[in-house]
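Visitor: So you can see what is in the structure, the chains are spelled out below.
Protein chains: 2
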Amino acid sequence: MTDRLEQQLDFILATEALRTVFRQSPVLNTGRKENSAEHSWHVALMAWLLAEHANEPVDASKVMVMILLHDLGEIDAGDVFAYDEAAREAHHEQEQACIVRLAALLPDDQGEKLLALWEEFEEAETSEARFARSLDALQPMLLNYHSEGGTWREHDVYEAKVTAVKSPIAEGSETLWSRAKRLIADAVDKGFLKT
Amino acid sequence: MTDRLEQQLDFILATEALRTVFRQSPVLNTGRKENSAEHSWHVALMAWLLAEHANEPVDASKVMVMILLHDLGEIDAGDVFAYDEAAREAHHEQEQACIVRLAALLPDDQGEKLLALWEEFEEAETSEARFARSLDALQPMLLNYHSEGGTWREHDVYEAKVTAVKSPIAEGSETLWSRAKRLIADAVDKGFLKT
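Keeping their order, the protein sequence lines are chains W and R. Our numbering numbers the first residue of the first sequence as 81 and each following residue consecutively. Our numbering numbers the first residue of the second sequence as 81 and each following residue consecutively.
Here chain W stands alone, though its shape is the one from the complex (with noise of 0.2 Å):
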C-alpha cells in the first residue's frame, strides 16, 4: 500500500503543472488566458449539470473522470488552439506520448486505466466520450461569447469556421448543438463573431 501511494503522489505532482500550460479562451474580467486545469475543473462541473442533455444515456461520473484527465497530455504538448487544424494532428501523438509518461509513474492498474479513458475519450465512441467532447467545445464557446468575441475576434475567426469546427457538439447533445448555434447566431449579430 505504502508504495502505491508513493507512486499515486508522484503523479499526482506530475500532473500539477497542467496549470501552467495557457490555452486561448479568457478569463472573464481578467485579461488573462484560462489554463488548461482550470478549464478541466470547469468542464467537469458542466459534465455534473448537464449530463441530462446528452443524446443517450452517459455515466456522468465517467464523463467526469474522463474531463479531469482529457487535457493531461498537453503538460509535455501544450495546447493547441482549436481552429488550428494543421497542428492539430502532429499534436495528438505528441499528447499519447506524455500520457504514457504520466501512466508510467502510477500503479499498473491505475495507469492502464488512465490511459485507457484518454484514448476513449480521443476516439470518441462512446455516449461518454462523445459527450465529453462535446462540452469542451462548447465551455470555450460560452467565454469567446461572454469577452464581446474573445478569441474569435483576436484570431479573426468566422461564422463558418466557427460552426465548422463546433459541429461535432451534436454528436454527443442535439440540445446543446442547438444552443450553440443560437449563440453563434446572438454573435453574429451583436458583432462578436464575423461573417
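Because the hints were derived from the structure by calculation, they are not lab data.
Which copy is meant is left open, so a pair is good if it fits within one copy or across any two.
DMTMM-like mimics (lysine to aspartate or glutamate), calculated; alpha carbons at most 25 Å apart, straight line:
no., residue 1, residue 2
1, K113, E234
2, K193, D139
3, K142, E192
4, K193, E136
5, K113, D156
6, K270, D83
7, K113, D90
8, K142, E200
Chain W is fixed; fit chain R onto it per the hints.
Guide: Okay, now just chain R, sitting in the frame of chain W:
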C-alpha cells in the same frame, strides 16, 4: 428543457469566476499562487486516484462532485488562509450565502443538490465528506513541501501549527495522515518548516 438549460448555463457562467479567487499555495515553478478552480481540479483528480486510502468505503464519484463545488462559496467570500483560524468562522457564513445565491440560479432540484452537497462537505459527517476534506487539506501540503516551504515559510507557520491544523486528515484517511506526518517531519529536517 430549454428553461432548464438556460438556468444551468447562467450558473455555469457565474461559477467561472472561481478562477479569479487566489489561494496562498503556490503553483510550482511559476512564482504565482494557485486559484481555487485549478486547486479544485487537482483535488478532484486526487479523489479519483486515492479513494482506496479512505478509512471507510466511499462513493468516489460523490467525493469528486463535492470537491468540484466545495469552494464555489469563495466566489463572493474569497479564500481564507488555512492557518488563519479567527477568519475561518465568519467565512463559513459568507460562503453559505454565496452558495445560496448560486443555487438559486439553477433548476430547483439541482440547486437543492448543490446546497446539500456543499453542506455535507462542511459538516464532515459522512465518509465522503471526511475523505474529501482530507484531500483538500493534503493537496496544499504537497505544494508547500515541493516549493521548499512555500506558504509555511512565507507566513511563519510552525510545525506544531501545521500538525494541529492538518490533523483532521486522519478522520478521512489514517493512511494519508501517516504520510502527511512524514512529510511534515521531512520538511522540518530539510529546513522548510520551523519547529
